[in-house]
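Sequence order for the protein chains is A and B. Everything in the first sequence is counted per our numbering, starting at -4 for the first residue and increasing by one. Everything in the second sequence is counted per our numbering, starting at -4 for the first residue and increasing by one.
Hints are computed from structural coordinates only; laboratory data are not their basis. Please note that the accuracy of each hint is not assured.
Have a look at the derived ranges for each label pair, beta carbon to beta carbon [stated by the list, open to error]: (1) Lys7/A to Cys13/B: 55 to 61 Å; (2) Arg560/A to Thr394/B: 56 to 62 Å; (3) Phe6/B to Arg141/A: 45 to 51 Å; (4) Ile542/B to Asp474/A: 55 to 61 Å; (5) Pro10/A to Gly224/B: 51 to 57 Å; (6) Ser161/A to Ala488/B: 31 to 37 Å; (7) Ser161/B to Pro10/A: 30 to 36 Å; (8) Arg141/A to Cys13/B: 46 to 52 Å.
Residues on chain B that point at chain A, a partial pick, calculated with CB under 10 Å [what the hints assert, rightly or not]: (9) Ala41; (10) Glu63; (11) Phe66; (12) Thr87; (13) Ala109; (14) Gln111; (15) Ser118; (16) Gln131.
Computed cross-link-like contacts, SDA-like style, restricted to lysine to any residue with a CA-CA straight-line distance of at most 20 Å [as the list claims (entries may be wrong)]: (17) Lys(-3)/B to Thr119/A; (18) Lys(-3)/B to Ser118/A; (19) Lys(-1)/A to Asp164/B; (20) Lys491/A to Val(-2)/A; (21) Lys7/A to Ser118/B; (22) Lys(-1)/B to Ser118/A; (23) Lys(-3)/B to Arg58/A.
Values in this document were obtained by computation on a predicted structure and should not be read as measured data. Think of the CB as a built atom: it goes at the ideal place given N, C-alpha and C, for glycine as much as any other residue.
Protein chains: 2
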Amino acid sequence: MKVKNLVGERFKERPSDCVVDSHALMVRGGYIKQVANGIFSLFPPARRVTQKIEAIIREEMDRIDGQEVLFPVVLPGSLWMESGRYQSVDNTLARFDDRNGTPMVLGMTHEEAAVQLVREYGSTYNRYPFMIYQIQTKFRDEARPRAGLIRVREFTMKDGYSFHTSQEDLEKYYARCYRAYERIYARAGAPEVIAVKSDSGMMGGSVSHEYMLLTDIGEDSIVICPDCGYRANMEAAENIVAPVQGEEAELVKVSTPGKATIEEVVEYLHGDTMHSVKAVVYQTNAEDKFVVAFLRGDLEVNETKLTNYLGENIHPALVTEDSPIVAGFIGPVGISSEVKIVFDRSLEDAVGMICGANDQDYHYTGLSMKRDVPGAEFVDIAKAFAGGICPVCGKPHLTVSRGIEVGNIFQLGIKYSKSMNMTYTDADGNSQYPIMGCYGIGVGRLAASIAEASHDKFGPIWPISIAPWSAEVCCLRADDPETKRISEELYEALEKAGVDTLYDDRDIRPGAMFSDADLLGAPVRVIVSPKNLANGEIEISTRDKSIQVKVPVAEALDKIKEIIRTLQDQIDQTVPESI
Amino acid sequence: MKVKNLVGERFKERPSDCVVDSHALMVRGGYIKQVANGIFSLFPPARRVTQKIEAIIREEMDRIDGQEVLFPVVLPGSLWMESGRYQSVDNTLARFDDRNGTPMVLGMTHEEAAVQLVREYGSTYNRYPFMIYQIQTKFRDEARPRAGLIRVREFTMKDGYSFHTSQEDLEKYYARCYRAYERIYARAGAPEVIAVKSDSGMMGGSVSHEYMLLTDIGEDSIVICPDCGYRANMEAAENIVAPVQGEEAELVKVSTPGKATIEEVVEYLHGDTMHSVKAVVYQTNAEDKFVVAFLRGDLEVNETKLTNYLGENIHPALVTEDSPIVAGFIGPVGISSEVKIVFDRSLEDAVGMICGANDQDYHYTGLSMKRDVPGAEFVDIAKAFAGGICPVCGKPHLTVSRGIEVGNIFQLGIKYSKSMNMTYTDADGNSQYPIMGCYGIGVGRLAASIAEASHDKFGPIWPISIAPWSAEVCCLRADDPETKRISEELYEALEKAGVDTLYDDRDIRPGAMFSDADLLGAPVRVIVSPKNLANGEIEISTRDKSIQVKVPVAEALDKIKEIIRTLQDQIDQTVPESI
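Bound-form chain A, shown alone:
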């Protein structure tokens, strides 16, 4: 490919609407163009990257006996009604009526379609297990698309669905797929991606993992124990609290005029946040019923865990004069019975606590949970935090990092097979629901995340395995016949050798040419210039500058191929064995 023919423009200025580097570089490099909020077209360089990622994914899915299929983007609403998700999923699911008035949806995930496809095939036990996958467009009408290809509304996704006759068999396959995902990230040049325990959310099921590429611009918080390797998405991370024993005291109602925040109250009463009870007020989405979450004053509510416990969706409360609570002065003693109350485990043995008295400008001191709120139940609804206790090894060294989710795998159980009535006859002639797993990777997000993890201020530093082109030949003086001839011969030799090569023979300044080369990010750069040719040499370097050599013209082709092999070998060494 000649740079002069490559469709797309490259430029220097960072676009003002780009918050993260990968987004800015992919716009500046002529990789992507926004068509609507969260909807992008891909220029050829980005399409080449995604194709290489897709090829890696295909190979790894085939390696674990996946069979590629294709589901529709447009699905009948009736299929989603079967599973119940037509009703339960919010307007992230795009819905429309077709010309006959039939409700249709745009597939945001394809569990329903997968069950529909194999419902008859999977009617007898001896056809199990099997896994089907596709690489196809998805649409999710996200409220807040951001960061270029990292959070979009339309994206290409590999989604796979496995079917099993026992939980044990699912777990065995889940482990194979877990490993296949590790191989995919490693092969794509992102071995630093880690798997973390996650919340299953709208997918249902019990065990699930997310693959996280750690980066400060990530939207997710990941809790990691450096001691035992425990890793979980903040949404799913268990919070262990060391009990903080206060002093036993009488429950005393004290005046706290205008002191409505934890900080104000503890300062006013000379207490501390660890010996205070925080109240966070929500309302349920369905009925606007008030929910008060009580937890220790130094902790934060984990809304995912709270939602999962409640079994219904909530939003921050809108408190008015008619509400059955006294904002700023809410406490567990004497609270209105109209309010649903949830206690975090951090309060289980609490004594000597400050809490609201459910009376304007009054708090209690000396609260003892066991004594003053007998029969209270305690559940884990607080966020884990840096320095907190690991739920596996018990050591208090948890860290919290940011990450981008670049894939997820779920043990779904029988949620879909049961709701959609997919059954098989087992060896004893009994009817059973198959147990499912599902496995997703967003292709474009992975590409952008890798650019985010691996770039400098000049452009992406693509791993050789997914770079749009492996090599670029820069002819530094297109007006010099000898330079041009040798450049051209080398370009043709590389193409002939099967090296996907970019060739820049524009008559422009070297600086401008290198700027474009940095943006396009070919891992191997070959510079043909009159100056080097005067010594009979060609300059070869890698995009990350780890290799910079000059070689005789006649050896250039072999040297380039050798460097490409070296770069590929470096990646291959990070790839774990498949299981």
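The hints should help you fit chain B onto chain A, whose structure is shown.
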């Protein structure tokens, strides 16, 4: 791939809802499953076929300097408003509002998206010409999906868009693409696909061609001149009429009680249809205005040509007592001035004709167009017909065949660049609109059409270039250790040699195994049986039975590879040189 693990069921009974053979065979063979009307999922065998077709298309598009991009499926309505198609296209264009109430459409073609992508890049003349293409999902809410993958609502399409600075350059590229399409069909094993002139329809532009696979189940009528090679879609075919000179006579109003059809009238008046005037009544979609098309009694109206002439859409008229016409007795003399009248060229020199008198139960005889309808204009609105005159060579040997459209190419002109204000600065510094071409192929339809063109009652006979698997090893006695061992070794050797092979080691009757093999259509079948092994032989045959040999076990691998090469060579010989 082992047949026993292959997801999808195969069965014998022809499904009652399958009208065409390819549809029935692709359902029976476990290739496709309907999800909604005109919306299908693809099982692994179909996905393999479409992937091979996609690979061929990619190679040919790259060969003519196409650059692969990816446009979104979901496009903002505003983009289609720019071109005017949001307003002009009927409800085949699926529309919905996103969560913010913004109008969105599902891309049914991507001219708008293509212009949006390259509007900035194409700002200066020296970047032209260029062509971008994608292979992506499209949704068209067709009123009448039919015939499996042949006419669907959702489909995978390769669509390409070229941009030029002169009509001459467009035509040069159009010719290259025309040839690339011939190569694609030939490489996919359908060299019998022919290009025909077509109507540009909603795409706009002047010159366009459709690629037609001739088959009786096709929806399109194709007019072909066996003498000079002229070929056109019926919609676009010019109709040349030999003048039929009647006898000059007076215009006489005659009573024709209850004779409201051409046949009744000419019989009653002892005339003939060639000397009668047929009137066909329409109404415009926009205003319900009446339009009467007059043509010679033996001809039919070509509604596409009529619509193009009128410049607006029409539908068959709903005639009531208040309508300004007398149904059954409509004629050009004395017709209401409220009615828009169009005369076909077949009436230009007509004399001595029978026609309606615009009076209940009356006709005229002796109509002379020149004398009685002075100043009438005549245009070509009649259908060409078998035995008609070729508009190119003038010989009266036209034939009419049926065909499936498996691709189309259009010279679009500046319709989109102008309406969407895409301009470039030419060498003289003037602002110009680029001239566009566009080029489409439906991948699934091509697969189904090839199955339609090449099958027997047992299954599809796939060309080797697009077959889901090149070879199938049938182990006829899985319970016989020696047969099983040799089958397995051969399967593994084939896979190792890069031959995509299906392996059937199920312990079932040979008849059932061969039925499935016929449905899956691997071009080369390898039969390992105790009977043949007793002679030290393996049986190899092709799906079309053109080759049937027995070879010693040790030679089987080489023989299979040789047969595959032979089959591929046969295809390669039909592929024209690229230009």
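Outcome of the hint check:
Checking the proposed 55 to 61 Å range against Lys7/A and Cys13/B shows it holds: the Cβ atoms sit about 59 Å from each other. Distance hint check: the CB atoms of Arg560/A and Thr394/B are about 60 Å apart, consistent with the given range 56 to 62 Å. The hint said 45 to 51 Å for the Cβ distance between Phe6/B and Arg141/A, and at roughly 49 Å that hint holds. For the pair Ile542/B and Asp474/A, the supplied restraint of 55 to 61 Å holds, since their beta-carbon distance comes to about 59 Å.
Here the CB-CB span from Pro10/A to Gly224/B is close to 54 Å, well matched to the stated 51 to 57 Å. Between Ser161/A and Ala488/B the beta carbon distance is about 35 Å. The supplied range of 31 to 37 Å therefore holds. Between Ser161/B and Pro10/A the beta carbons are some 34 Å apart, a value that agrees with the proposed interval 30 to 36 Å. Between Arg141/A and Cys13/B the beta carbon distance is about 47 Å. The supplied range of 46 to 52 Å therefore holds.
With a least beta-carbon distance of about 8 Å to chain A, the hint placing Ala41/B at the interface is held under the 10 Å criterion. Among the interface hints, the one on Glu63/B holds; its C-beta lies about 5 Å from the nearest C-beta in chain A, closer than the 10 Å criterion. About 5 Å separates the beta-carbon of Phe66/B from the nearest beta-carbon of chain A, less than 10 Å, and the hint is met. For Thr87/B, the shortest C-beta to C-beta distance to chain A is roughly 8 Å, which falls under 10 Å, so the interface hint holds.
Hint status for Ala109/B relative to chain A: holds, with the closest Cβ pair at about 9 Å, below 10 Å. Among the interface hints, the one on Gln111/B holds; its C-beta lies about 6 Å from the nearest C-beta in chain A, closer than the 10 Å criterion. Because the beta carbon of Ser118/B sits about 9 Å from the nearest beta carbon in chain A, less than 10 Å, this interface hint is met. Given the 10 Å rule on beta carbons, the hint for Gln131/B holds: about 7 Å separates it from the nearest Cβ of chain A.
A threshold of 20 Å between alpha carbons decides the hint, and for Lys(-3)/B with Thr119/A the separation of about 18 Å falls inside it, so the pair holds. With a CA separation close to 19 Å, the supplied pair Lys(-3)/B and Ser118/A stays within the 20 Å bound. A distance of roughly 19 Å separates the Cα atoms of Lys(-1)/A and Asp164/B; the hinted pair therefore holds under the 20 Å criterion. Note on Lys491/A and Val(-2)/A: the hinted pairing holds, with a Cα-Cα distance of about 18 Å set against a maximum of 20 Å.
Using a Cα cut-off of 20 Å, the hinted pair Lys7/A and Ser118/B holds, with the two alpha carbons roughly 18 Å apart. Between Lys(-1)/B and Ser118/A, the direct Cα distance comes to roughly 14 Å. Compliance with the 20 Å bound is thereby established for this hinted pair. As the CA atoms of Lys(-3)/B and Arg58/A are separated by approximately 14 Å, the hinted pair is consistent with the 20 Å bound.
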